[in-house]
Amino acid sequence: MGSRLHPYRLAVASLCVAVLSSCGGGDGGPPPGNHTVTLAWAANHEKGVNSAGGGYQVAISGQPTINVPFTAGLTTPTSTVTTLWTGTYTVTVSAFAALDALGGSSGSLSEPSQPFTLIVP
Amino acid sequence: MKTPLRSMALSALVGAALALYAQVAAAPFAPLTPAGAAASQYVPGEVLVKFKPTASTQEHLAAMAAMAARGHSVVASLNQPGWAQVKVGAGQTMETALTAYRNDPNVEYAQPNYIYHATAVPNDTQYGQLWAFKNTGQPINPNTYTPNAGTAGDDMNIEPAWGHITDCSDVVVAVLDTGVNYTHQDLAANMWDGGPGLPKHGRDFVDDDDDPMDLEGHGTHLPGIIGAEGNNSTGTTGVCQKARIMAVRVLDALGNVTTATALLGIGFAVANGAKVINMSFVGGGSFDPAFSDAITSAQNRDVVVVVVAGNENQDNDAAGARYPCNFIQPNLVCVAALDQNYALASFSSWGATSVDVGAPGTNILSTWAGAALGNTSYNTISGTSMASPEVAGLAAMLRAYNPQYTYADTVGAIKNGGRSVLALVNKTTTGKAVDVMSSLAYINPPKGLAATVQ
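Line order of the protein sequences matches chains B and H. So in my numbering the end of the first sequence lands on 121, straight run, no missing numbers. So in my numbering the end of the second sequence lands on 454, straight run, no missing numbers.
The following block holds chain B by itself, in its conformation from the complex:
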């Protein structure tokens, strides 16, 4: 089997399993290893998510949480790139903003998105 990386496009809806098809010529797929994974989601519409102090947190089971903060412009980035070893992961994304429910400064965090299972070959 060749060693080159193959792109796999995963369409993920609510609570689904992202299963990668075989990478090579029917020989069972690529060998275990690190893969570059791009995670993307739809932009939230809250002003606070898309301004200073706002952003997203991406939770991948067994991995450090990835922070995607607002930096500049009109919207916070809605994707992140990470490297994952061969395996099965549960992924969710939450949004946060500075404003809290008392009108103060402790911040608010959304419920996580619908989780999905990501299988990295």
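Hint data in this document are derived by calculation from the structure and do not stem from the laboratory. Do not rely on the hints blindly, as some may be mistaken.
If you want a taste of the chain H side facing chain B, the calculated C-beta under 10 Å gives, among others [said to hold, decoys possible]:
#1 His-164
#2 Ala-413
#3 Gly-448
Being a predicted model, the structure only gives us computed values, none of them experimental. Note that CB positions come from ideal geometry on N, CA and C, so glycine has one too.
Fit chain H to the supplied structure of chain B, relying on the hints for placement.
Here is chain H on its own, set in the frame of chain B:
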């Protein structure tokens, strides 16, 4: 021995910075979240930085050197362990500086220097009677419902929200009712501008003309709840202190409306840019497909529709559907009435699958009557008709605060941002009363997560 001035300055700077590192403050809600902050405005060209308390002296020096290299300077130490107020260098944005500091391994947090606003209590002369906005347990007189005194805190929690937004005038709210006294002293400034073709702020589908003046009173009471001009030292205030109210007269002198007239009114509102529609009327009987289609049409145009549970003191799920409350479109919010102690009002209908939230609906003071009866009249009345516009006003506020909000975002924030109330459990779909501040801070869960693996 002389100490060079430059060294002295550096020593002082480092000393001040080291003093900042001494302790660790409580973390915000999540470690990876940028420092929690509030308010919607901040000081341009300034950031607040918290340096890690665990860094070594060499790392502290490196952090300070990096700060100086960026052209930044410490403005103040803030008397908070680890925190420094930093002036951003010329030609740099606050956002760029935040990114740089958040990527600095010696920095624990970096955030804007937010500007807070005093909780905004409006100066309207009769504000003390608006228990829905601030319930201190005060008696409401005159009144139309007993009890007329309540429980402090049983209110919409709106005052903190007014510290962030009072102006909803970017969002047109259509009131489909007996018309609106658009010349009322507390409404005139907040009426929708229909342009030369609709100079009287709406349309009358009862008399089929362009003058939706209200001569009954009910239709003027509702926009006062949604958006009576606030903080104008006069009368009352609405949920929105500035608003754009579209008057659509569909109820006749007896308070009746046909399906056909309702469809005309909804169509007019949607076609003329309303993003929130309030309909404080209800009917029983058979499913009304034409009316349902009109709600769907509003949904397709991204319009939130707020309606009443009804005043029949019945279970709308068991005793017979009440429309439009029992329609199931996702852009529809059906509202029950709460009293001053947050009990379900004795007249209010409910429905565990059809009524969504509760809102104050007894002894509600608001604007009143048509121009012929004067432009300074107010009245205190009770009904789910009064609860619905509390929610319509909230919908307008949410959409004004979050200009990208869709109807789904708005309804999600209303329902999920509410406050659990025992009297509404198993009586509504959410078991909640509306809570303005909580809804304003609510964040809908992200959607559309997808992955690409290479």
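Results of checking the hints against the structure:
1. At about 7 Å, the closest approach between the beta carbon of His-164(H) and any beta carbon in chain B falls short of 10 Å, and the interface hint on this residue holds.
2. Below 10 Å, beta-carbon pairs count as interface contacts, and Ala-413(H) has one with chain B at about 8 Å; its hint therefore holds.
3. This hint holds: Gly-448(H) has a C-beta 3 Å from the nearest C-beta of chain B, less than the 10 Å allowed.
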